[in-house]
Structure formats: C-alpha cells, structure tokens
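K.L.:
Taking the hints into account, I'd like the entire structure generated from these sequences.
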Amino acid sequence: DVKVTQSSRYLVKRTGEKVFLECVQDMDHENMFWYRQDPGLGLRLIYFSYDVKMKEKGDIPEGYSVSREKKERFSLILESASTNQTSMYLCASSLQGRWTDTQYFGPGTRLTVL
Amino acid sequence: SQELEQSPQSLIVQEGKNLTINCTSSKTLYGLYWYKQKYGEGLIFLMMLQKGGEEKSHEKITAKLDEKKQQSSLHITASQPSHAGIYLCGADPRDYGGATNKLIFGTGTLLAVQP
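Sequence order for the protein chains is X and L.
Numbers 1 to 114, taken from our numbering, label the letters of the first sequence in order.
Numbers 1001 to 1115, taken from our numbering, label the letters of the second sequence in order.
These aren't lab readings, by the way, just hints derived from the structure by calculation.
Just so it is clear, CB atoms sit at the ideal spot from N, CA and C, and this is done for glycine as well.
Treat the hints with caution; some may be incorrect.
As the list claims (entries may be wrong) - Derived CB-CB ranges, DEER-like: (1) Q1014/L / K57/X: 37 to 47 Å; (2) Q1014/L / E72/X: 21 to 31 Å; (3) D38/X / Q1050/L: 25 to 35 Å; (4) Y10/X / D1066/L: 18 to 28 Å; (5) P1115/L / P61/X: 41 to 51 Å; (6) K1027/L / E56/X: 41 to 51 Å.
P.N.:
This is how it looks when you write it as structure tokens:
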C-alpha cells in the first residue's frame, strides 16, 4: 500500500512566521503535489514536483515555495505566514505523470495562522 | 479552463437507501477519479475511470463514465453510516501542455447517512 505521511496534523502559527510543512512518501513515486483545501473552493494545486529538485507552479503558488531534495520528501514553505493561508494542506504523490497514475493523498495538515 | 461541477452539494439519506452523486465537466475528461474524504482527513482513492462507457464497482459503490467522457456518476447501494463523508471527483484536464498529471477537483458532495 502507498503511504503518504505529513509531519503534523494540526499546526498553529503566528503571522509573519516561517512555516515548513513536510510530506514523505514510501513508494518511490516520482511526482509529488501540494494542495490546499478551503470551504467552497475545493482543492487547489499550489506546487508540484516531477523529480528531485524539479518543481512547477500550480494554480495558486503566491506566498509559497517548495523544496524537493530527496525523492521521497516534498516540503511546502510559507516564507511569511499570513492569516489568509489558514487552510487544510494536503500532500499527494503519484508514480509518474501519466493521467492514469493515481494520486495518493496524505492525512492533511490543518494550519491556523493567528 | 475546465471546471468540474458536482451535484448535489449535500445529501442526507436513511441507512439502506440508494443514492447517486454526479460530476459534470465542460470538456472531455481524461482519467476521472473518485475520492472519499472523512471530515478533517485526507482523500482516500476509490476508483478511476478512463474509457467512455466504463463502469467500475467496489463493494457497494459503482462509478460510471458516460460515452462522451464528460459526466460521471457515483452510485451507492444500500447506504451505511460508514459511507458518510465528502465525495470528490477529480480529473486531469490535459489542457496545459504539461507532462505531468495535474488534477482539478469538484467542490465535493457531503453525504450523511442516518441510522
């Protein structure tokens, strides 16, 4: 079974803090993704990575950056957290980039920025 | 850009009843995925459909993709409290020329099953 884990289930940070969200997958997947989920807006793609050190912007990359130094780990970074970044963050991974490759999701991190 | 519309937005059914959730796209769907999400948790993969007319079943859940590949339905037979949650459809729009599998998602259908 594919396992995608996220470093925290719940996180509370203050405005202006630098925040790191980590995601690890154990299935040697090439592709990894970060989404945020908000009521009424659904899931929106922030960034994705198709290989180590490779990344592409998703639909809402502003205010975020990512890092992928190892194949199994994909980090989402909020350089200076703001209240509008309070959200549920979901990480996913897939074997490759074919549209038949299922994305498997982690349990999510609920981030609150005060 | 492509959007996925789900209907209904929410649904309350009595245990044992059947129900259907729909997912409609304005463009052809490539790889239509159904996921289930328990409140506050991650998405659990249910099924993926790729061919027009395709139908897949897992336990009491059946998903279909129409011939035009623009609409999918998820049908639950004899619903149980364990079926409660948010059901999301996702699809790869393949309209950006990219080489990877981006997904766009519907806004979800909240299902409650009353014992």
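K.L.:
Next, verify each hint and record whether it holds.
P.N.:
Hints, verified against the model:
no.	hint	in the structure
1	Q1014/L / K57/X: 37 to 47 Å	holds (46 Å)
2	Q1014/L / E72/X: 21 to 31 Å	violated (45 Å)
3	D38/X / Q1050/L: 25 to 35 Å	holds (29 Å)
4	Y10/X / D1066/L: 18 to 28 Å	violated (40 Å)
5	P1115/L / P61/X: 41 to 51 Å	holds (44 Å)
6	K1027/L / E56/X: 41 to 51 Å	violated (21 Å)
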